[in-house]
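Peer 1: Each chain is listed here by its residues.
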Amino acid sequence: MKRIMTILIIVLAICGLLGGINYRLNAQTNAEGSKVLNIYNWGDYIDPALITKFEHQTGYHVVYETFDSNEAMLTKIKQGGTSYDLTVPSDYTVQRMRRAKLLEKIDKSKLPALKNIDSRFMNLSFDPNNDYSVPYFWGTLGIVYNDQYVNANQVQHWRQLWNPRFKNKIMLTDSARDMLGVALITQGKSVNTTNAADLQAANEQLIKLMPNTKAVVADEIKMYMEQNEAAIAVTYSGEASEMMANNSHLHYVVPSEGSNIWFDNLVIPKTAKHKAAAYAFLNFMLQPKNAAQNAEYIGYSTPNKAAMKYLPKKVADDPQFYPSEKTVAHLQVYRDLPLKVIGKYNDLFLQFKMTK
Amino acid sequence: MHKKATYLIPYLLWIGLFVIAPMALIVYQSFFNITGHFTLGNYEQYLTNGVYLKMTFNSILYALIITLSTLLISYPTALLLNRLKNKQLWLLLIILPTWINLLLKTYAFIGLFSQNGSVNDFLRFVGLGSHQILFTDASFIFVAAYIEIPFMILPIFNSLAELKPSMINASRDLGANSWQTFRRVILPLTMPGVKAGFQAIFIPSLSLFMITRLIGGNRVITLGTAIEEHFLVTQNWGMGSTIGVILILAMFVVMYLTRDRKVKGGRIR
Chain A
796 MKRIMTILII VLAICGLLGG INYRLNAQTN AEGSKVLNIY NWGDYIDPAL
846 ITKFEHQTGY HVVYETFDSN EAMLTKIKQG GTSYDLTVPS DYTVQRMRRA
896 KLLEKIDKSK LPALKNIDSR FMNLSFDPNN DYSVPYFWGT LGIVYNDQYV
946 NANQVQHWRQ LWNPRFKNKI MLTDSARDML GVALITQGKS VNTTNAADLQ
996 AANEQLIKLM PNTKAVVADE IKMYMEQNEA AIAVTYSGEA SEMMANNSHL
1046 HYVVPSEGSN IWFDNLVIPK TAKHKAAAYA FLNFMLQPKN AAQNAEYIGY
1096 STPNKAAMKY LPKKVADDPQ FYPSEKTVAH LQVYRDLPLK VIGKYNDLFL
1146 QFKMTK
Chain B
477 MHKKATYLIP YLLWIGLFVI APMALIVYQS FFNITGHFTL GNYEQYLTNG
527 VYLKMTFNSI LYALIITLST LLISYPTALL LNRLKNKQLW LLLIILPTWI
577 NLLLKTYAFI GLFSQNGSVN DFLRFVGLGS HQILFTDASF IFVAAYIEIP
627 FMILPIFNSL AELKPSMINA SRDLGANSWQ TFRRVILPLT MPGVKAGFQA
677 IFIPSLSLFM ITRLIGGNRV ITLGTAIEEH FLVTQNWGMG STIGVILILA
727 MFVVMYLTRD RKVKGGRIR
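Quick mapping for you: the protein sequence lines, in order, are chains A and B. Just so we're aligned, residue 796 is where the first sequence starts under my numbering, counting upward by one. Just so we're aligned, residue 477 is where the second sequence starts under my numbering, counting upward by one.
The set of hints was computed from the structure by calculation and includes no laboratory data. Misleading hints may appear alongside valid ones.
As the list claims (entries may be wrong) - The calculated DSSO-like cross-link candidates involving lysine-lysine, where the alpha carbons are at most 27 Å apart (straight line), are: (1) A:962 - B:530; (2) A:964 - B:581; (3) A:1139 - B:581; (4) A:900 - A:873; (5) A:1017 - A:1108; (6) B:530 - A:1135; (7) B:530 - A:1151.
As the list claims (entries may be wrong) - Partial selection, computed: residues in chain B whose CB lies under 7 Å from chain A: (8) 510; (9) 511; (10) 524; (11) 527; (12) 590; (13) 591; (14) 611; (15) 693; (16) 694; (17) 697; (18) 710.
Predicted model only: the values in this text are computed from it and were never measured. Even for Gly, the Cβ is constructed at its ideal location relative to N, Cα and C.
Turn these sequences into a full structure, and let the hints guide you.
Peer 2: Have a look at this one:
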């Protein structure tokens, strides 16, 4: 017993010592003065080589912290006490943060490189005129299929998922808006509908998909699809690109009749302390070469039009991640709906999940 | 006397901060709707919306099946363990898996049960072809029972160990056969262990949510799944808390039903 206590105390002492050293080191780097940039981003969502390059070019020291959901990030920034200079909310969260007056208005005269962004991805409903946000990456919701079990022409459209031949073969994303959105699109309705009758009809449609549904899961879809556990999955393009890198039998389709299009955007929170550094970084990331390098590393679609020519031709011409003009025209952005309506979406989705 | 009171402080602080206060907060939260207004609507919705009642029924059913199947396996195991020579070692081997993180064990089952997992490999090898094992009720109950079994064996084992051999000898001397000895002496005297095991398994089984998602693929929905959803996705804390209150009430009901009815000095029925 005595020996165990001694060992425990030694372990604790070492942890404490290392923690103390770490704290001192951090304090020193922060003390270097105003040449600091605090970035708060999703985990593994930037090419680390670009951060080093930025530090070399400008002399700023980048402090990089990560989060794993929009809600977590929003809660932390709302509580205050943080001094992040840049963060990366998704579309509906930009809208929510803007409404909560958490965002700094972007001075476009300081962002000459903003012209590189494709005009299709500017001035969207969640942030008219891009007063508060700069698009970082975009992607879609679509169908991933395994060519060992399914032919390409069997899964080009959402309604084909209801085909009885796919009994117990499809994995769905555990997200009320995404799945009800799919049902709404097959019925020709908007994914932002607040009409109770439309939602009810969409849910009835979705319940008919249950016999084909193998599981309703989230991040695990990636693992299961890579292991050939399921033939088809409904998931996001970003997830799809990661699965496809690990399993060459997988392919991704964005149904031409429409789907969700999502954006992750760089914004400056009101609490930012190093605005000059933030603008420097925004301009740096908007440079076509840097945007292309980042897109190649992450595998998501870049909204930077000028960057396209620096991407390998195989990537830039890939309709899976850069769908045709016609398909893009049918894609819909999620709008931040009133809490009551979101509650309605979730109640219906729970009802769907309860059906056997 | 005064000294005794100071010893009580850590306990009272613990109970107050980590048991009573959270429960009070859950009850408090359950009276607010999604927009933050005071309401009884959450309870109304729970009681009138078929979805929640069905979910409650399902949860209780699954929890009962899980508890009874662990009991079925644990009681004979505990009996056997008690007769073995190095029983502490054997018991340790049963407890050992509980030291492994729950999530890791669950992921191991994904590896075993998946289409290309060991179980399906074996089934194909013996010519039965591959089957869908993951995302079924059976696999969910199997994994949940596997995880809970040590918590059933332990209390039963302990109450068996406390059982005086003289009782069994006396029963034999008085002419009871093995079955009668088991039925009339061993079983009633180890009932407290069974009840403790029941309490330790039934309540957590009602609110399992990680296994329902990873092994059940959300095709099995329990009250725990709904709570997770309401807190993390919907952000409807009121409804999540309401289901939490229901679970707390269920806990009291189970505790009451499995309470120790032994009267001191009285006859044991």
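Peer 1: For a C-alpha distance cap of 27 Å, please report whether residue 1139 of chain A and residue 581 of chain B respect it.
Peer 2: violated, 36 Å
Peer 1: Restraint: residue 527 of chain B near chain A, CB-CB cut 7 Å. Satisfied or not?
Peer 2: With a closest approach of 5 Å, the residue 527 of chain B hint holds.
Peer 1: Would the hint on residue 524 of chain B stand, with a C-beta cut-off of 7 Å toward chain A?
Peer 2: Violated. Min distance 13 Å.
Peer 1: Residue 962 of chain A and residue 530 of chain B: Cα distance at most 27 Å?
Peer 2: holds, 25 Å
Peer 1: Does the interface hint hold: is residue 511 of chain B within less than 7 Å of chain A, judged Cβ to Cβ?
Peer 2: holds, 6 Å
Peer 1: Can the hint on residue 694 of chain B be confirmed by a CB-to-CB distance to chain A that is less than 7 Å?
Peer 2: holds, 4 Å
Peer 1: Between residue 900 of chain A and residue 873 of chain A, does the CA-CA distance stay at or below 27 Å?
Peer 2: holds, 17 Å
Peer 1: Report holds or violated for the interface hint on residue 697 of chain B, using the least CB-CB distance to chain A and a cut-off of 7 Å.
Peer 2: holds, 6 Å
Peer 1: Measure nothing beyond the straight line between the CA atoms of residue 530 of chain B and residue 1135 of chain A; if it is 27 Å or shorter, mark the hint as holding.
Peer 2: The hint holds at about 23 Å.
Peer 1: Is it true that the CA of residue 1017 of chain A sits at most 27 Å from the CA of residue 1108 of chain A?
Peer 2: holds, 26 Å
Peer 1: Does the interface hint hold: is residue 611 of chain B within less than 7 Å of chain A, judged Cβ to Cβ?
Peer 2: Cβ of residue 611 of chain B sits 5 Å from chain A, so the hint holds.
Peer 1: So, as I understand it, the hint says residue 591 of chain B touches chain A; can you test that by seeing if any CB pair is closer than 7 Å?
Peer 2: Given a least distance of 5 Å, the restraint on residue 591 of chain B holds.
Consistency note: the structure conflicts with the earlier hints numbered 3 and 10.
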